[in-house]
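A.B. asks: Here are the chains, one letter per residue:
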Amino acid sequence: METIRTYLDNLFAGLPKTNRVQALRSELYLNMEERYHEMKAAGKTENEAIGIVISEFGNIDELLMELNIQRDEKQLREATDEQVNTYFSELKKAARNIAFGVMLCILSGAALIVCNALAETGAIRFIESSNSLSLVPFFLFTVAGVGILVYGAMRMEGYKELETQTLLSHHLKEKLQAEYEATRPAFIKGIITGICLCIISPVFIFLLSEFGAGYDSYGVSLMLFSVALGIQFLIKSGMLRDGYKKLLKLEDYALEKRRSNQVIGVVASVVWPLAVVIFLLLGFLKHAWGTAWIVFPVTGLLFGIFSSVYSATAKHKESI
Amino acid sequence: MISSDTMRGYNDIILLSLLLNQASYGYELSRQIRERTEGLYSIKETTLYSAFERLLRNGYIVSFFGEESFGKRRTYYRITPKGRAYYFEKCEEWELTKTVISKFVINQRGI
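So the protein lines, in turn, are chains F and H. Residue 1 is where the first sequence starts when you use this note's numbering, and the numbers rise one by one after that. Residue 1 is where the second sequence starts when you use this note's numbering, and the numbers rise one by one after that.
There could be a bad hint or two in this list.
Unchecked claim - Capping the alpha-carbon separation at 20 Å, the derived lysine to any residue pairs in SDA-like fashion look like this:
#1 F:Lys40 x H:Arg34
#2 H:Lys72 x F:Val21
#3 F:Lys44 x H:Gly39
#4 H:Lys72 x F:Glu38
#5 H:Lys44 x F:Met39
#6 F:Lys40 x H:Glu35
#7 H:Lys44 x F:Lys17
Read the hints as simulated data drawn from the structure, not as lab findings.
Just need the whole structure built from these sequences, with the hints factored in.
C.D. replies: Structure follows, in structure tokens:
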């Protein structure tokens, strides 16, 4: 019976949810249910019964024409197994690209600091302290990082339709749901590892400052390295998890929640780079590497508050 | 199997005739059609409900909610006097159609 319900759900997914349409849908469902039980009583197997019920359904367009109902412009289609498989293999590649790109961006800061430190101690002759040449590694890392990051993000561009405008057949939905549950422990491990690496990252500053003042900057570099590594774990586990949620339309990706996500996404793309800039400015101008990292947890907290308040008000508005 | 294109014009007659004596609901009507034609014609769900919509719009039938023994609320349809008149009109038309078309149809024996 679940198959029949999914079949009807998918057919009605793109239709306006008026009382009339809902009544029609429940009527059709009751009929199909009755026919199904009749077939079962006549000794048909589950699959045969479902096959007969669906073959006798007819063409929904015939009914829509009579009811004068237009489908939503973007019609929801069913995704194929193959589409979903390529989606996940591409998603994994994209996650690797994005994680690596972000890591390079973060490490560009470390490269700059190490460069300056080496120049100060005279380890590299041709670069003098605060010379513009010391910016070269920084820019190389940033350019490579941003390039790879954008490349990774572009990879998923072609899958926007699959993520938002498609439905899953019953069998595919069950399969993905099972995978989603099965990958939960790996996801939790990944997130915990990532968070731990970020949390312990400042320890390197304290540790290396024990060796003397000259080692401060190496401590900062190690801290950035640890954060970068942590973020690798967060991005890879998070993106894969989100992939499942998008296709299964769970939590934030439920159809009605999408609009607020777009706004939150835009705000996030402004707020986080801003946090990085503030972090680097505080570090370079105020030499506050030891305390500037507080920018990130504070941003995280404020952003979390913003997005939950925004979702709550958006939901409130919709319910009026 | 009869093509649904051929049957399109006659679904109205079939449904109205079944409603002549008593009100009924979707599934029951499609079951009756299958039984009476001994499985020769089985109306698709969407065809059935398109026909209901058309008949309702023209005032040939009215719908109302009826309780079924399982406690599920089902939409029942009842024929109106206008529907009755239309039905008999269509029956006459069918007799005419039958006469006309049969002039052009040969059966297997060639008569």
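A.B. asks: For every hint, state whether the structure bears it out.
C.D. replies: So, going through the hints one by one against the coordinates:
Annotation: proposed proximity of F:Lys40 to H:Arg34 holds, straight-line Cα distance about 17 Å (limit 20 Å). For a cut-off of 20 Å, the pair hint linking H:Lys72 to F:Val21 stands: about 18 Å separates their Cα positions. Using a Cα cut-off of 20 Å, the hinted pair F:Lys44 and H:Gly39 holds, with the two alpha carbons roughly 17 Å apart. Between H:Lys72 and F:Glu38 the CA atoms are separated by roughly 17 Å; this keeps the pair inside 20 Å, and the hint holds.
Between H:Lys44 and F:Met39 the alpha-carbon distance is near 16 Å, which keeps this suggested pair within the 20 Å criterion. Proximity of F:Lys40 to H:Glu35 is assessed by CA-CA distance (about 18 Å); at most 20 Å being required, the pair is judged to hold. For the given pair, H:Lys44 sits about 23 Å from F:Lys17 by alpha-carbon distance, which is inconsistent with the 20 Å threshold.
Checked against the numbered hints listed earlier, the structure breaks hint 7 alone; every other hint is satisfied.
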